[in-house]
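Novice: Since chain A is already given, all that's left is putting chains B and C on it; use the hints.
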Amino acid sequence: MIKQIEVVLPAYKRGFHLITKHIESMLDSLPETGMLNIFLRHTSAGICINENADPSVRFDFETVFNKLVPENDPDYTHVFEGDDDLPAHIKSSLSSVSINIPIQNHRLALGIWQGIYLGEFRNNGGKRSILCTIYQ
Amino acid sequence: MIKQIEVVLPAYKRGFHLITKHIESMLDSLPETGMLNIFLRHTSAGICINENADPSVRFDFETVFNKLVPENDPDYTHVFEGDDDLPAHIKSSLSSVSINIPIQNHRLALGIWQGIYLGEFRNNGGKRSILCTIYQ
Amino acid sequence: MIKQIEVVLPAYKRGFHLITKHIESMLDSLPETGMLNIFLRHTSAGICINENADPSVRFDFETVFNKLVPENDPDYTHVFEGDDDLPAHIKSSLSSVSINIPIQNHRLALGIWQGIYLGEFRNNGGKRSILCTIYQ
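Protein chains in written order, with this note's numbering: chain A, 1 to 136; chain B, 1 to 136; chain C, 1 to 136.
In isolation and in its complexed conformation, chain A is listed as follows (with noise of 0.2 Å):
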């Protein structure tokens, strides 16, 4: 009753990007009813649900994570990995890396307004692996 499919994402340039479409590409038949884990496999990347129509909330997500965890504090102790390292490893606790979607009628309960975001928080973060389990 539980299936497992990977799913690994081209590698992203930083900021937010909407990666419903591709993540319901890897997922053949839905159950009726059940329920969609997914789970990012990396610390320096988040995913999260938000608008999924004007790219300039992906803009301004971008710009307001930023100012959250900015870059180049003099607290920071752990910088050896650039200086954009430490603020992703902060930015993928503040949205998440496992999200659950129900599952209604074959489809994704998402509202009409919600998209999968991944936030890419590194400035070469490469490809990102996730883990999406379908349990009914």
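If you are wondering where the hints come from, they were derived from the structure by calculation, not from laboratory data. Computed from a predicted structure; not experimentally measured. Note that beta-carbon positions come from the ideal geometry of N, C-alpha and C, so glycine has one too. Heads up, none of these hints are tricks.
Pair ranges (Cβ atoms, derived):
| id | chain 1 | residue 1 | chain 2 | residue 2 | range |
| --- | --- | --- | --- | --- | --- |
| 1 | B | His22 | A | Asn72 | 38 to 48 Å |
| 2 | C | Met26 | A | Ile5 | 21 to 31 Å |
| 3 | C | Asn123 | B | Phe59 | 14 to 24 Å |
| 4 | C | Asn123 | A | Asn105 | 47 to 57 Å |
| 5 | A | Phe80 | B | Ser29 | 48 to 58 Å |
| 6 | B | Ser129 | C | Gly82 | 37 to 47 Å |
| 7 | A | Leu27 | C | Glu32 | 16 to 26 Å |
Specialist: Frame of chain A, contents of chains B and C only:
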């Protein structure tokens, strides 16, 4: 083994509100052991779990979230839906739209001081839809 | 098909702590495929997943969370339980109290660099109770 219940919350004013009793009243008998997922189908409100006793905590949540994501930042580009709109999207992802609460002995296994909060981040958000999924 | 295990963490000092091994040691054999939910029954501590190697990341988490939600803000109204109390509540909701981790090949499907953090946000938080739920 999976049951889904749609809950429509009445329009709340901007701020944080305790909705534990409202959610519980919509769920019939809970299984002896299981899991409840609460999924909010919106991008400008949020759900989190926090202190259920003193209303001053909810009051201060509103204060702190407004400081974390202030309105009228000239760097925002998504501004055409009102000053409260872009900050509401960010606040939604800083809290969450999807929370899992275990079920134990036919009851939500919340800690003594834990309650379910709705964070209403719009000035006039209107009714909010939640999909509750119970699995055992 | 659902198993629940109560875990009582020893009192940790304020800050972020790696609790992966403690959690794993409390879980007997894991199913081949499934899901683990970790639910923290408190409102002034949090759980998140982040870097499991360099302790400087956990040190900087404490620094950044203190900057995000400073103590002694004169706008706070919930002040009678100590300067650390209201900020602890907010930090709990900025991280989370409920996380799902998929189980694959009888092991937690964490990424190579991922570990489970307890964020202890009180100066003297004492023991913390976690309810682990495994479903397959």
